[in-house]
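The numbering used here numbers the first residue of the sequence shown as 627 and each following residue consecutively.
Take the hints with a grain of salt, since some may be wrong.
To be verified - Just the calculated beta-carbon pair ranges, DEER-fashion:
#1 Gly1497 - Asn1652: 35 to 43 Å
#2 Thr1544 - Thr1442: 26 to 34 Å
#3 Gln1383 - Phe849: 22 to 30 Å
What the hints assert, rightly or not - Computed cross-link-like contacts, DSS-like style, restricted to lysine-lysine with a CA-CA straight-line distance of at most 30 Å:
#4 Lys937 - Lys697
#5 Lys948 - Lys937
#6 Lys1073 - Lys1058
#7 Lys1058 - Lys874
#8 Lys1165 - Lys697
Hint data in this document are derived by calculation from the structure and do not stem from the laboratory.
Ideal Cβ placement from N, Cα and C applies to all residues, glycine included.
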Amino acid sequence: MGKGTNSFISSDWRNIAYGQLLLLSNLCQLANNTINDAIHRFLLQTFIAPTASTEIDLKTQLDATLNQLSKSTIIRFAFLVDTVNLLLKVDQPFVGSIQNGATNFFPNLIISTPSNEIHNQTLKMTFVLSGPANISSGLVNCICATNPNCEDQVAIDYSDYEYDTVYYGTAYIVSGSIAGCSPSDSFQLSTLQCFYSDSDCFSIVMNYIQKEYFANVLNPVWFDPSPLIYDPRLSRFPPNTSIDTIVKNIMVEQWNPSTSYNNFYESCAPNYCTYSQTVPTNSVAGVIIKLVSMIGGLIVSLHLITPLLIKFIIYLFSMINKRQQEPEQQQVRLKWFDQLKLTTRNVVSLVYTESINLNIFPRRKFGNNIDQVTARRLGQWSTRLYIALMITGLAILTLYTVVQPHSLTKSFNQPSFNLYNQLFQKYGDQLKCSCSSIASTYNHFVKIEPVFHEICSSSFISDEWRMNLTAGLVPNLTAYVQRDYRRFLSAHLQYLQGLCQISIESTNNSVDQLLSSLLVTTELLPETVFYERTDLLTKQSKSSAPTTFARLLFLTRSVNHGNAIISSYGTNFEYIGPYYGGYSYAITQPIIYDNGCSCALYPNCTSQASFIEMNSSATIPIRAELINDLFVEEWASNINYSSYYEQCSPLLCSYTYNKQINPLYTITLILGLQGGLTIVLKWIGPKIVQIAAKDFVENSFRYLRYCLCLNEYLLNTSLLVLSTTGTTSASISSNTQITTTSAITTTNSIATIPSCQLQFQPIKIDVRYDRPALQVPIVADFNNDGRLDLAFISQHPNAVNLMVGNGDGTLTLQWTFLAGSLDVLKDITFGDLNGDSILDLSFTDQYANHVGIFFGYGNGTFDTLIILSTGDNSRPYGITVANFNGDNYLDIAVTNEYGNNVGVFLGKGNRTFSAQTTFATGFSSLPKWIVAADFNNDGHIDIAVVNYVDRNIGIFLGHGNGMFDAQQTFFTGGYYYLNDLAIGDFNSDGHLDAAFPYQYANTYAGELGILFGYSNGTLNGRKVFNIGTSSVLSEITVGDFNGDGHLDVVVCSGVNLGLNVLVGDGNGNFGLQTMTWNQPSGSHVTLNVGDFNGDGYQDIVYVDDSANLYIFLNTGQCYPNKTLETSTPV
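Let's have the full structure, built from the sequences with the hints guiding it.
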């Protein structure tokens, strides 16, 4: 709609639709950005999981987290919208503008300076608080300053389609559209019901919008938006849902989160997985294994130790007996130390001898094909290796087992809360309990009840209190001076009520977010840790809510102050108007408060509020205080650890301790290890020794053979001499590639416009009326004398006139019909309407709503008037005659401008006609000019009309029986109106084309539009041609003015008398030729073509609204075979 909105009254839907749709677009974009930012921040967070959660646990945790994300995003967005709306509602920003001229301002801004003091001083102006106007009466019945819930319907008003007349009134009530106290309030109170496919409102509103768009855009690119389609399966918002509800839900139908357990597992990338299994401490298999190991260890140990022990014992007994047999003297001489030393030496010698000769491996261990001596020697080496490995391995394993601590874990399955407390008191932090549910929302074990200030629950913030308190005030508050608190009482109560509502809602939402968040723990938290974590989170929630609100409030106030947005209460700025003799303009001036504080410099200027008595200087001071911290007195919270324990529901609690070293366990372990090592070493020892012995023998023989081969090699190499030579060659081949190029030549064809300059000789025809407005000349032989005559209509007086031709280019007035003074004649045409071969006249009388017919006598006079009604308020405009039903009698077709249709009267050949049949041209299309012709070459006459407001040409294809297809429209371009319609074949393709002048051309440069016709009756391929200056309103006519067989177009040239001729080349192109005469012309010109002097050349007839009538005689200068002559126009 753009700049065209200025032509509507302020309550017109088109005046507010652009702003509301822009606000909707901005809110959609803001909502989209808010959601994207929230999702972006959410996805940047780290998801911490000490273990790889199961798919069910992960889904539960993510669902709760995503639900909190969506709720918090919606709440923050709604909180922003509510806060801004509250400030707009309370501040009442002034959105009116000042009209130009004198001292007439908008109704919400009046001059407070007394009328007798206006001259030569600065005017004081006062804001008048208002509200939405009623669409029927235009009156304001509700003042938003005292009632913030004012609302009314919104309608589309009648538009000023005629530039000399403005029509106001309700044309259409837009369903679902509400007018509130502010543009944003109106927007949120409204619904989108009008924009759904099941409502007729959408097509009607789009028709209005399209008309205004075409009326105000030079080169429009129109698109047909599709209406919304409501599907309850896909949308949770029915068409009658308020926009406020949709906005509060951040305009989201569904969030559609998607989670992938596979991606989580890949990101987790566990190093290992474990599972626990409870088994008996001493199973049957374990006991058997231990017994077998101990028995094996004892057998091997006793097998080795017993022979040596027996020998040692026998040796000791033999020594004792030997000593008893020695003389007493020798025994006395030996000391006990020497005896011990001797005994030890003998024992060591015995052990060494036995160890060297010890062989515990029988001969069969080394195979049967080995001799006894070798087998004994290998057995001794195997025994020595066995003993060495046994001692080393047993020492290492025993040391490792003894040094390593032995940790034992004690477990308790599904302990009760009391048992857990007992275990925790005994074992403390060593007690670990694994939760069966790792994620729980805080609302299961935390309760928070904010206690608000009593003002927020009192009747002082109720609507009833506010309405009763302000009931006795003047509705628009104009009776109170600027500083009187009664002007702001209602606003302050609204503000207090709104602050309480936002505070309560914001606080409860903050609590809900906290309680809906997850506490994620794989293990049960100790009671102290649980309380610390929960208390910290609660404190953060308590501090964040008022901080967010304070920041938003400060931001909004700063924006208002920085942009100097004026409040309608006049609390920050006022308008003053310096007076200059009858004309004035208004400027803003800041309000000054206490201590010289200026609202232009500071946003927090204040003054003591007072009630000011009427006609008195007495003041009654009052005091008020705004409660901080969102009006919350106390956050009452209750944290229950037992409820948390129930949510965690541990399946297993356990503690771990280290077991002390047990000698019996150590001995048992050593015996078990010794038994195992014995079995392994007895099997592997002989194998190692046997392999080593075999390798030693083989290596000895291999070394001997190597020495013999080396001698032989040295001998042979001293006699051998070898020499070799060789050459190589290579060949290289190359390939050649041939590339060819070709050139493409493009030829542009330019049409050649005939260059011969046309020449016309003007003849002024005298009209006997003083100041008639002449229009619509039609040319025909009305008196059957073989010479062309001229009929036209005039205004001032309203009449139909006939001037007969004299054959030399002059005319004589023959006949006049004077219509009534209230009639307005618009168009006229001719034809044989009764089949008597005599031309008749027919015309449209717009204000009389009828078609007038004069049946001719054939001598230039006519019978009495016959009237055909076109319907009440139809306002017929254009008229044409043709045979639409193939009965050989001419019919009449008219455009009913206000009826928005084409009316057809079928002639019966006996001076009577059928009742009018109408064919719609479109809602508020205002059809004007009309032409009848065969556009699709089917032998049936069709109708073409100019739809003035819609900026298109509508074609009704005829059936040949008086009926027509529905209108097809063809767009002629935006912004400018069409001023006429002419038909002809301008590109010589055998199909009729349409030519039309634009009414108001840019920078006064006239333009002609051409739409080319096709065989199916459609028009397309618009071309625009310059027709020179066009400071006057001129219709066009078509003719062949140079005799080349191609149609030309002529239009009036400008302020002075003149013609602009577009000479056609037959290919749809034109060349401009201009002819002017130093004579005045009118502002509305109509043209036609005819040979008025019988020389075979087409002349031009010119009439205008200044009583000028000219015949421009064509000199034929450019006709073929015409001798060129130079002539000076008169």
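Taking the hints in turn, this is what the structure says about them:
no.: 1; hint: Gly1497 - Asn1652: 35 to 43 Å; verdict: holds (41 Å)
no.: 2; hint: Thr1544 - Thr1442: 26 to 34 Å; verdict: holds (32 Å)
no.: 3; hint: Gln1383 - Phe849: 22 to 30 Å; verdict: violated (46 Å)
no.: 4; hint: Lys937 - Lys697; verdict: violated (93 Å)
no.: 5; hint: Lys948 - Lys937; verdict: holds (16 Å)
no.: 6; hint: Lys1073 - Lys1058; verdict: holds (27 Å)
no.: 7; hint: Lys1058 - Lys874; verdict: violated (46 Å)
no.: 8; hint: Lys1165 - Lys697; verdict: holds (21 Å)
The structure is inconsistent with the numbered hints 3, 4 and 7, although it conforms to all the rest.
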